[in-house]
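Enquirer: Please build the complete structure, drawing on both the sequences and the hints.
The residues making up each chain are set out below.
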Amino acid sequence: MREARGAAPLLEIRNLSVTFVGRAGAPPVEAVKGVSLTLDRGETLALVGESGSGKSVTALSVLQLLPYPLAVHATGSSIRFAGEELVGSTPERLRRVRGNRIAMVFQEPMTSLNPLHTLERQIGETLVIHKHMGPAAARARTLELLRLVGLPDAESRLGAYPHQLSGGQRQRVMIAMAIANEPDILIADEPTTALDVTIQAHILQLLKDLRDRFGMALFLITHDLTIVRKMADRVAIMTRGEIVEAGPTAAIFDHPRHPYTRRLLAAEPRGRPPAADPLALELMAAENVKVWFPIRSGVLRRVKGYVKAVDGVSLAVRTGTTLGVVGESGSGKTTLGLALLRLTEAEGRIRFATQDIAALGQRQMRPLRREMQVVFQDPFSSLSPRLSVAQIVEEGLKVHRLAADAAERRHLIETALEEVGLAPEAAERYPHEFSGGQRQRIAIARALVLKPRFLVLDEPTSALDMSVQAQIVDLLRELQTRHGLAYLFISHDLRVVRALAHDILVMKDGRIVEAGPTNRVMTAPQHPYTRALMAAAFDLAPLAT
Amino acid sequence: MTAPAAPARYAAPPADRFLGRKITPLTRRRLDSFRRNRRGFWSLWIFLALFLVTLFAEFIANDRPILVRFDGAWYLPVFVDYPEMTFGGEFPTVADYRDPAVQKLIAAKGWMLWPPIPFSYSTINYDLPSPAPSPPSGVNWLGTDDQGRDVLARLIYGFRISVLFGLVLTGLSSVIGVAAGAVQGYFGGLIDLGFQRFIEIWSGLPVLYLLIIMASFIEPNFWWLLGLMLLFSWMGLVDVVRAEFLRARNFDYVRAARALGVADRVIILRHVLPNAMVATITFLPFILNGSITTLTSLDFLGFGLPPGSPSLGELLAQGKANLQAPWLGLTAFFVLAAMLSLLIFVGEAVRDAFDPRKVVM
Chain A
219 MREARGAAPL LEIRNLSVTF VGRAGAPPVE AVKGVSLTLD RGETLALVGE SGSGKSVTAL
279 SVLQLLPYPL AVHATGSSIR FAGEELVGST PERLRRVRGN RIAMVFQEPM TSLNPLHTLE
339 RQIGETLVIH KHMGPAAARA RTLELLRLVG LPDAESRLGA YPHQLSGGQR QRVMIAMAIA
399 NEPDILIADE PTTALDVTIQ AHILQLLKDL RDRFGMALFL ITHDLTIVRK MADRVAIMTR
459 GEIVEAGPTA AIFDHPRHPY TRRLLAAEPR GRPPAADPLA LELMAAENVK VWFPIRSGVL
519 RRVKGYVKAV DGVSLAVRTG TTLGVVGESG SGKTTLGLAL LRLTEAEGRI RFATQDIAAL
579 GQRQMRPLRR EMQVVFQDPF SSLSPRLSVA QIVEEGLKVH RLAADAAERR HLIETALEEV
639 GLAPEAAERY PHEFSGGQRQ RIAIARALVL KPRFLVLDEP TSALDMSVQA QIVDLLRELQ
699 TRHGLAYLFI SHDLRVVRAL AHDILVMKDG RIVEAGPTNR VMTAPQHPYT RALMAAAFDL
759 APLAT
Chain B
87 MTAPAAPARY AAPPADRFLG RKITPLTRRR LDSFRRNRRG FWSLWIFLAL FLVTLFAEFI
147 ANDRPILVRF DGAWYLPVFV DYPEMTFGGE FPTVADYRDP AVQKLIAAKG WMLWPPIPFS
207 YSTINYDLPS PAPSPPSGVN WLGTDDQGRD VLARLIYGFR ISVLFGLVLT GLSSVIGVAA
267 GAVQGYFGGL IDLGFQRFIE IWSGLPVLYL LIIMASFIEP NFWWLLGLML LFSWMGLVDV
327 VRAEFLRARN FDYVRAARAL GVADRVIILR HVLPNAMVAT ITFLPFILNG SITTLTSLDF
387 LGFGLPPGSP SLGELLAQGK ANLQAPWLGL TAFFVLAAML SLLIFVGEAV RDAFDPRKVV
447 M
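Just so you know, the sequences run in chain order A and B. Here the first sequence stands for residues 219 to 763, where the numbers follow our numbering. Here the second sequence stands for residues 87 to 447, where the numbers follow our numbering.
Hints were generated in silico from the structure; no laboratory data involved. For clarity, every value in this text was computed on a predicted model and none was experimentally measured. Incorrect hints may appear among the rest.
Unchecked claim - Simulated restraints on C-beta separations:
1. B:F104 to A:A641: 26 to 34 Å
2. A:L288 to B:N408: 26 to 34 Å
3. A:Q582 to B:R333: 47 to 55 Å
4. A:G377 to B:F104: 55 to 63 Å
As the list claims (entries may be wrong) - Residues of chain B clear of chain A, computed beta-carbon distances all greater than 12 Å:
5. F165
6. N307
7. Y339
C-beta atoms are modelled at their ideal positions from N, C-alpha and C, and glycine is treated no differently.
Expert: Here's what the structure looks like:
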């Protein structure tokens, strides 16, 4: 597919620097420092880095979409597209390039489509602007594009609005918009991060097919090394605004030279859960748990049906072990966790240690709350921004009167912070002063300070960078061995689950599809859905449907 | 682990204090942001100065002297009613210090210290050069109204009563409104539904007609008016606070607090209310303005404070009735405009200080 290379590559970024000038007084931020890249027809270049490394800013510079004049390119920065300089180009010339010869797909398909326009209008717009097509021609071409990106029932979907589509379908529409004018370069900024694993595999396959079909150059921006390995011909590793290493994908993965690259490659969650006592006490057991949300309609608000978020789930977690709950978004994993903690109304039997807790009132639950705790997904929303770390951690101690006086409380707080790897000085600071990984440690400390026996971990690593994920996984494993904790570990990331869970439970649409020891489920999945999930997560193979 | 002895290796950072209270860095940033808004900052100081001055109106505009030295003894007519006989007069009634006869008696055996404006809000100046309303002069700096009362004195007392009424009404309706909004938003469901319908019906009652009807068989006074206004003004904040609570009750840190076993009351006060207070505090200066305007318009229409009370609305009404005496209307207009503008400037500064887009976390 690769065309003969001319003297100059299709896209050549040379010595690109981007500086953001803040308000008066604030120091300017150097987001990108002297980045050089080339990209040719038919090839895929992956730009890899953690959040804040400047990879998205680099991609946006290509289309000159940064918030100028707040963003400044240093002199000597050059982006040449087919021999034409884009830095400092006139708006008219840029408009001819944008969306026409270089197109972009963004991360969040929900917010990058206009919610008030039908699909026909969204896609037709670029055709009318750039190709000067009439309405009938644009409509025919739109239909062709939707079929090309594999949107089912394309014809009947022409009049559909974005909210009527699923996340994966929306991303397909975004791609259809991007390739409408057969661009030379397609920039995909984290195109699958917001999507479920099985859908992710489909979208990546689609991008690959389209690249081969049109001989496009694909500029892929991602933090996910699995995607890079599967998709990219060449890879550039970026950190703190600089490219530290670049080269063919296989070479970089096999022989990383730069220490950062090595660290990044080593950061994938590794290891296996610690050995567990098979005769340990069954700490949390649930039978036939149901959480049904009624759907009401009409003037009388009569119940028309139910959304079965959790539908007849039974499980058991032993002391010192981890039960991994796996499933795609909307499968009821989080609701299950909340139901076990009695934080949402549920039917069925829930037994904690020797006590049946399903029928207890909130007041009767209060003494038990000390023993069962929860850590949420997003460390930015799970800590009150107005309380200091000490206040956040001590709240549970105060509720359960676990400390005799302020000095003892202080001591317990500092012990808990040290246990999760934070300095005791952190106690007087506020959540916004910490990074995502540190905040998640604070959230774990808040749960741990009560010395619970059972911990629900609701996607505690999903909002974090890869290297931080691995650290949190190590921390959780260490805490489990030291205190004999029982975890209910909810995640969509099978890699993390494999590193932590003794047993695994696969959920789909509120029901258990498959359950068993992690090793067995991972190596020899019985149910087709589990098989598809594993294939999608580890090999990025599209789900056969 | 159980050893309670806390090691002393840790020194707390110096706590930031404001008016003697420990404050968070966020509050410090808001205070700094408020101070940076020069207009709002100075408006606050000017308003506070005016309010403080009018709080001591009895010492500034009064028809009694502040201090009397008579026959070797001290007297405080501002606080105590002395019969005329104390100063050697003939009547057992309260001394009228503006009476030339009484003045002569006191001057014979001592002296009097008068406030800068020797008129109270109800003092009628019978010694006018022209028929009331008389124009500004050396005696009546802003002239007199149509009953011969000093306009400046009435202005000072009127300003005080307006601001006090506004402050009390704002404070009480905020407390009720925030509490109602918090309960509705936090618990949601049927409580919310019922309360919302009640508010819809309650806010449909015609307040003005109610006041007019009530005024026909009760003579309204300050507290009576306040109570009646309060019945309807508390609804202003409910929607804002309720919306904040509906949003915040599903925040992860609220769920985490529930998982810790924290009681609902504590969650409301400690975790959710601070979120709602941003909107509330931003609204306060504007609610205060609204309350003052309401009282003024009621007075203007004649359904407000009892006849004879000093009030800006009554002065406006007099200005309308006596177009030949422009100092009445102009004075009332400028004072009202200045007071409301000052409060709006303060409100803008407060709003900016609480704006999350300006206070970058």
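Enquirer: Next, verify each hint and record whether it holds.
Expert: Now for the hints, and whether the structure bears them out:
| no. | hint | verdict |
| --- | --- | --- |
| 1 | B:F104 to A:A641: 26 to 34 Å | 28 Å, holds |
| 2 | A:L288 to B:N408: 26 to 34 Å | 59 Å, violated |
| 3 | A:Q582 to B:R333: 47 to 55 Å | 29 Å, violated |
| 4 | A:G377 to B:F104: 55 to 63 Å | 59 Å, holds |
| 5 | F165 | 46 Å, holds |
| 6 | N307 | 42 Å, holds |
| 7 | Y339 | 5 Å, violated |
Consistency with the previously given hints fails for numbers 2, 3, 7, ordered from lowest to highest.
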